[in-house]
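Work out the full structure, taking the sequences as your base and the hints as a guide.
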Amino acid sequence: MEELKEFMPYIVSILTAIISGISSYSLSKRNFKNEVETIKLNNEHEINKLMEQHKVDIDNLKEKHKLEMELKEKEYVHEKEMQQLKSRSVIDEKNQELMNTALSGVVADIFKDVMNGNISPEKLEELQKKFPKKN
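Going by the numbering used here, the sequence shown opens with residue 20, and the numbers climb by one from there.
Simulated from the structure, these hints should not be mistaken for laboratory data. Cβ coordinates follow ideal geometry from the N, Cα and C atoms, glycine included. Warning: the hint list may mix true and false statements.
[To be verified] Result set (DSSO-like, lysine-lysine): computed pairs, CA atoms no more than 30 Å apart in a straight line:
(1) K113 x K99
(2) K91 x K68
(3) K68 x K81
(4) K105 x K81
(5) K74 x K85
(6) K81 x K93
(7) K93 x K74
(8) K105 x K93
(9) K59 x K48
(10) K68 x K52
(11) K113 x K148
(12) K99 x K85
(13) K113 x K149
(14) K113 x K131
(15) K91 x K74
(16) K131 x K148
(17) K99 x K81
(18) K93 x K83
(19) K131 x K149
(20) K68 x K85
(21) K91 x K105
(22) K142 x K131
(23) K83 x K59
(24) K81 x K91
[Said to hold, decoys possible] Distance windows between CB atoms, simulated:
(25) A127 x K148: 16 to 24 Å
(26) L80 x E56: 30 to 38 Å
(27) V96 x N61: 50 to 58 Å
Okay, here's the thing in structure tokens:
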């Protein structure tokens, strides 16, 4: 009993400390759960926000790709038309060269025949009437 009397003043302090510790632990645990829940909600909102931004970025990239493809297609069509015009121009030049060569050969032959006396000036006038002049 004497030992009990010695510990009696301390028992109240010990009980108070135990009750205080238990309530502090309970309050801390509740606050921790609330903070964890708040962080989870914030993270969830942040993740959703990032996902939406990611979707917008993907859509922007798709649109940019589409525009680039359209531009490349237009450049291709333009380049193709330019190549066709160049080849047509080269063909026309070659045809003109051949025509000029043939015409100079014919004129040279006619001039030679006129000089040799094989063609009379009247026949030359007849030939001239058959080929109209270009303006």
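Against the structure, the hints come out as follows:
1. Pair hint K113 plus K99 holds up; C-alpha atoms about 21 Å apart against a cutoff of 30 Å.
2. Proposed proximity of K91 and K68 is contradicted: the alpha carbons are some 34 Å apart, above 30 Å.
3. Between K68 and K81 the alpha-carbon distance is near 20 Å, which keeps this suggested pair within the 30 Å criterion.
4. With a C-alpha separation of about 36 Å, the suggested pair K105 and K81 falls outside the 30 Å cut-off, and the hint is violated.
5. Of the pairs offered as hints, the one joining K74 and K85 holds, with about 16 Å between alpha carbons and a cut-off of 30 Å not exceeded.
6. For a cut-off of 30 Å, the pair hint linking K81 to K93 stands: about 18 Å separates their Cα positions.
7. Pair hint K93 plus K74 holds up; C-alpha atoms about 29 Å apart against a cutoff of 30 Å.
8. For the proposed pair K105 and K93, the alpha carbon gap of about 18 Å is at most 30 Å, so the pair holds.
9. For the given pair, K59 sits about 16 Å from K48 by alpha-carbon distance, which is consistent with the 30 Å threshold.
10. A threshold of 30 Å between alpha carbons decides the hint, and for K68 with K52 the separation of about 24 Å falls inside it, so the pair holds.
11. Distance check on the hinted pair: K113 and K148 sit about 28 Å apart at the alpha-carbon level, within 30 Å; holds.
12. For the hint pairing K99 with K85, the CA-to-CA distance comes to about 21 Å; that is within 30 Å, so the pair holds.
13. The suggested pairing of K113 with K149 holds, with an alpha-carbon distance near 26 Å, which does not exceed 30 Å.
14. A C-alpha spacing of about 27 Å is found between K113 and K131, which places the hinted pair at or below 30 Å, so the restraint holds.
15. The hinted pair formed by K91 and K74 meets the criterion: a straight-line CA distance of about 26 Å does not exceed 30 Å.
16. The hinted pair formed by K131 and K148 meets the criterion: a straight-line CA distance of about 20 Å does not exceed 30 Å.
17. A hinted pair counts as satisfied when its Cα atoms are at most 30 Å apart, and K99 with K81 qualifies at roughly 27 Å.
18. Using a Cα cut-off of 30 Å, the hinted pair K93 and K83 holds, with the two alpha carbons roughly 15 Å apart.
19. For a cut-off of 30 Å, the pair hint linking K131 to K149 stands: about 20 Å separates their Cα positions.
20. Between the alpha carbons of K68 and K85 the distance comes to roughly 26 Å, so the proposed pair stays at or under 30 Å and holds.
21. Our distance criterion of 30 Å between C-alpha atoms is met by K91 and K105, whose separation comes to about 21 Å.
22. Between the alpha carbons of K142 and K131 the distance comes to roughly 14 Å, so the proposed pair stays at or under 30 Å and holds.
23. For the hint linking K83 to K59, the alpha-carbon distance of about 35 Å lies beyond 30 Å, and the restraint is violated.
24. Of the supplied pair hints, the one linking K81 and K91 holds, its CA atoms being roughly 15 Å apart against a limit of 30 Å.
25. Checked against the given bound of 16 to 24 Å, the beta carbons of A127 and K148, roughly 21 Å apart, stay inside it.
26. Between L80 and E56 the beta carbons are some 36 Å apart, a value that agrees with the proposed interval 30 to 38 Å.
27. In this structure, V96 and N61 meet the distance hint of 50 to 58 Å, their C-beta atoms being roughly 52 Å apart.
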